[in-house]
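Fit chain B to the known structure of chain A by using the hints.
2 protein chains.
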Amino acid sequence: MAQQGLDGFLIPHEDEHQNEYLPAANDRLAWATGFTGSAGAAVILKDSAAIFVDGRYTLQVRDQVDEGLFEIRDLVEGGVPAYLEEAAKPGWTIGYDARLHSPDALDRLGAAAERAGATLKAVAANPLDEAWGANRPDQPCAPVSPQLLQYAGEASAAKRARVGAEVARQGADATVLTAPASIAWLFNIRGGDVIRSPLPLAQAIVSADGTARLFLDPAKVTPDLPAWLGNQVRLEAPGDLAAALAELKCKRVSVDPGQSSAWYFEALATAGAEAVRAPDPCALPRACKNPVEIEGARRAHARDGVALTRFLHWIASEAEHSLPDEVAIVAKLESFREATGALRDLSFDTIAGAGANGAIVHYHPTHRLNRRTQSGSLLLVDSGAQYLDGTTDVTRTLAIGAPTAEMARHFTLVLKGHLALARVRFPAGTTGSALDALARVPLWSAGLDYDHGTGHGVGAYLGVHEGPQRIAKQPNSVALQAGMIVSNEPGYYRQGAYGIRIENLQVVTPAAPIDGGERPMLGFETLTLAPIDRRLVARELLSREECAQLDAYHARVLAKIGPDAPGDVAAWLEGACAPV
Amino acid sequence: MAQQGLDGFLIPHEDEHQNEYLPAANDRLAWATGFTGSAGAAVILKDSAAIFVDGRYTLQVRDQVDEGLFEIRDLVEGGVPAYLEEAAKPGWTIGYDARLHSPDALDRLGAAAERAGATLKAVAANPLDEAWGANRPDQPCAPVSPQLLQYAGEASAAKRARVGAEVARQGADATVLTAPASIAWLFNIRGGDVIRSPLPLAQAIVSADGTARLFLDPAKVTPDLPAWLGNQVRLEAPGDLAAALAELKCKRVSVDPGQSSAWYFEALATAGAEAVRAPDPCALPRACKNPVEIEGARRAHARDGVALTRFLHWIASEAEHSLPDEVAIVAKLESFREATGALRDLSFDTIAGAGANGAIVHYHPTHRLNRRTQSGSLLLVDSGAQYLDGTTDVTRTLAIGAPTAEMARHFTLVLKGHLALARVRFPAGTTGSALDALARVPLWSAGLDYDHGTGHGVGAYLGVHEGPQRIAKQPNSVALQAGMIVSNEPGYYRQGAYGIRIENLQVVTPAAPIDGGERPMLGFETLTLAPIDRRLVARELLSREECAQLDAYHARVLAKIGPDAPGDVAAWLEGACAPV
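Going down the list, the protein sequences come from chains A and B. Under our numbering, the first residue of the first sequence carries the number 247, and numbering increases by one thereafter. Under our numbering, the first residue of the second sequence carries the number 247, and numbering increases by one thereafter.
Be aware that a few hints might be false.
Any copy, or any two copies together, can satisfy a pair, since identical chains are not distinguished.
Only pairs whose alpha carbons sit at most 25 Å apart, straight line, appear in this in silico SDA-like list of lysine to any residue [what the hints assert, rightly or not]:
(1) 292 x 812
(2) 497 x 758
(3) 292 x 486
(4) 719 x 668
(5) 497 x 415
(6) 719 x 673
(7) 497 x 728
(8) 719 x 691
(9) 367 x 354
(10) 719 x 759
(11) 719 x 758
If you are wondering where the hints come from, they were derived from the structure by calculation, not from laboratory data.
With the rest of the complex left out, here is chain A (with noise of 0.2 Å):
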């Protein structure tokens, strides 16, 4: 910092892809500070040390931060602004390394470090990358493969020209495309440089006739790659980007402020291009599955039906002998999906919440945490895969041993939000804010809610959190429409006892005509295949329409499910889907 004649920097936790998973190499919060959680920041001043965290993680940065050199403050309340209000000093200047920060983001800093007198400015090394020197972990460097039409469902050319189309409508002349989804889903490709999900880390540019110049490491590139592409896509070396930046002079190039950083539109300036403001031309076509990735979508999920309803037949009789302890329960289920013989990697972390443990929304579990189920507890268990047709990620909760009929009526009020969402109909237009509601009602009614979103999109054989749609509180202005897979996850937590949350997947789809009817509605199929605890269910708290929902339901899983499944799963199976 003294050598680049600074007074601070800032570490975001976002790396150069702004992307949900880290490679080591990338996270330099944890390097710089030992905090490994998902989200933060960290801001070293020349007197000073803080570090911001959210809520999930103000127990675990304790543990791995040294309150001695770093404050611990809230990464929502205040955030770095307020801190840069507080605490820099008039006439400072606070490095940044803008290939880290969205231009939104940027603005916020700016302006809060502005009001302390001092100014930020972008940095042409980041100290900490020098600093870290020969221990930083290697770039990841995984192979990229194709991704079969057969399961991809269009080829990239026709998908490039209705992006280049998009990029046109924009007023742009070409878009640089930098999250890692939308490059494997344009170009059907898979990687694996990231933990949790087959993205390969690389850049794009895109023109708005649908020709592309790709920046992929050569050491990524398989035999079977380039012929892949195709002749309208140049592959070029990361190391080419800048170069082909600056030969953008003149032109007009969209770029996403929310998903590229500061750094792309500082390119762009220095080159003399105009950039456009506007949101990624990849993410909504990404967001609405064809045909063919739908139909993935529905083998993958009877895929991981199956390997879901093993394991609840393993807890079920399991917990009759003897309690498994959440360590366990993680291997136990994963050692189910990998006996599909399709599993690629997990889609996310195992969090196998027991009693208290639920409760804690973001919880996963390890040696140390390990918790114990105990009888008359609940089991909470959310999981998902990745397989090559598709992406699961499923919650169900659990009786361990009798539950008590405070549990049974926290769980059946939960079920009715989810029926309720899952059942809706509703016109073009609406949007997962207008549905989120739904979901809440019967706990609003009993003075209950829960503190998180009630679905997020999902990807076709890709990221298990991606958007634009969602349905939650917060206004989100992207219509749902055909296609589109979504997440239906609400939930109760009560503080030290236990969780509860029932999440299926569910795409949506035009709903049938109905006799009457005026306008044409849409509605959702429901994905995820493995049954609901019926011994959760209180029965009375049900409404006729919402017995027959979840019977037919149930009904569903066990014609899907049963013949695909082990004889005394099977068997299981039945008096698990049986009628309530």
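Same frame as chain A, now just chain B:
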């Protein structure tokens, strides 16, 4: 136009006060084009002209406007900006009156003109006003009188202290208020310059210390007014406003760019003041009624409920031997409200839609369109009143003779949505947009919907439509808060056949704590008291909970209205309020 060197001129429907209703003296659009609708615009160019109306007025505009002079275009799709882009020629100067356009609207118009190579220019004097000349009606000059504390519930000084604090929080030294409803609320005064609402046309400057200058025509000032306003409020003539703004040199002054016209921003810029774009600081406190206003609303609704019940009884009796027409219905309903002895005005022109006229959402009968009710049809009546203690707005849909099964089914679907929105409990922070779907889900399930919002705010002896809260599909970031009054008015419209709408006003209240509840919740208390036509209820479509809710509402109506209704009406009401 030619004298001022203009190639065109913009004529919005809005006037200087950007208020829902205009005095005749400010209805420039009607004078220039003949079109008397409540929304619209016109553009006159040197070689062409166009008028813009929305879907409600496509028939009316053809009746009223010479299509040889004006091309008729859609106000919403494309609207004025698209026309300017198409029809203006490079180099043209198109005039506008800065007092009549909000800055937000002007930004869009200016950009469109620019794309055509034309420019917009504010005129010093509106050429329409000059041409109108001696034929122009006088500006309204209704007396302005105190709204006593027994109705207002909070002294103006206390309100001004709160608003002044908000102005300071906005980072401003003062605010300019131009919304008549804000001025009426803040100073506890009422006037009568526009129909259907007790609003004085005036402006005010309020300082952060709570002192104010109120610009009000001296001819409107009633003898008690100066003492009522007190010595912290200086009464001045409207002609002094420009000079007062000029005195704000070097001050920061907040103005609402959605509410106040561009003229204010230009005047402040000319004065060397800094305009801070911020919401009207009265809008939110005005929307959250205090206990005295809520008690007033309850009284007003009880009184209005007696009048409406007398009307419903009259229709029920009348329809047995003769079938009244819409104009007679409107007159009869008003006569019952007059008979309360407390009616100050209607709160809007009564909508009485018989048969197919009920399907025209903003229909109101005239002698020319007047339709007689028919046996076996529906009658939709949407009406409201202004009383000193509150403003009402209520819609009932009535069976004339025996309804068909389909009418009852549609009515019951609308009723289910209405009941869902009436009984919902929700946590603090919930917006009206998040609740809107609750009123639509039963219709959506049947393939139906309605093309209007579900609820609007209502003033306390002020405008019948007020913000900032709203229950609608469109995102709205204002959370519902205790004391806000909103309408609950889902509907269904069968083109060419009938219209159905069920509307009650309800006030947001803290919900009573509930056993096992963990979070404070809000809920609604229904203010409107009048029976819902049981002959249209298809009981088999209602759940037990919905039946109980409807019966409980009717029991409340009977208990509150019965004792104040004449004997024959009370006897009829007992039957109308019997359990379904």
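Status of each hint after checking the structure:
1. 292 x 812: neither (64 Å within a copy, 83 Å between copies)
2. 497 x 758: Neither way: residue 497 and residue 758 sit 46 Å apart in one copy and 62 Å across, limit 25 Å.
3. 292 x 486: For residue 292 and residue 486, neither the intra-copy (36 Å) nor the inter-copy (56 Å) Cα distance is at most 25 Å.
4. 719 x 668: both (17 Å within a copy, 20 Å between copies)
5. 497 x 415: within (15 Å within a copy, 43 Å between copies)
6. 719 x 673: both (19 Å within a copy, 11 Å between copies)
7. 497 x 728: For residue 497 and residue 728, the Cα distance exceeds 25 Å both inside one copy (35 Å) and across copies (53 Å).
8. 719 x 691: both (17 Å within a copy, 22 Å between copies)
9. 367 x 354: Within one copy only: 14 Å inside a chain, 35 Å across chains, cut-off 25 Å.
10. 719 x 759: Between copies only: 23 Å across chains, 29 Å inside a chain, cut-off 25 Å.
11. 719 x 758: Between copies only: 23 Å across, 28 Å inside.
When each numbered hint is compared with the structure, violations occur for hints 1, 2, 3, 7.
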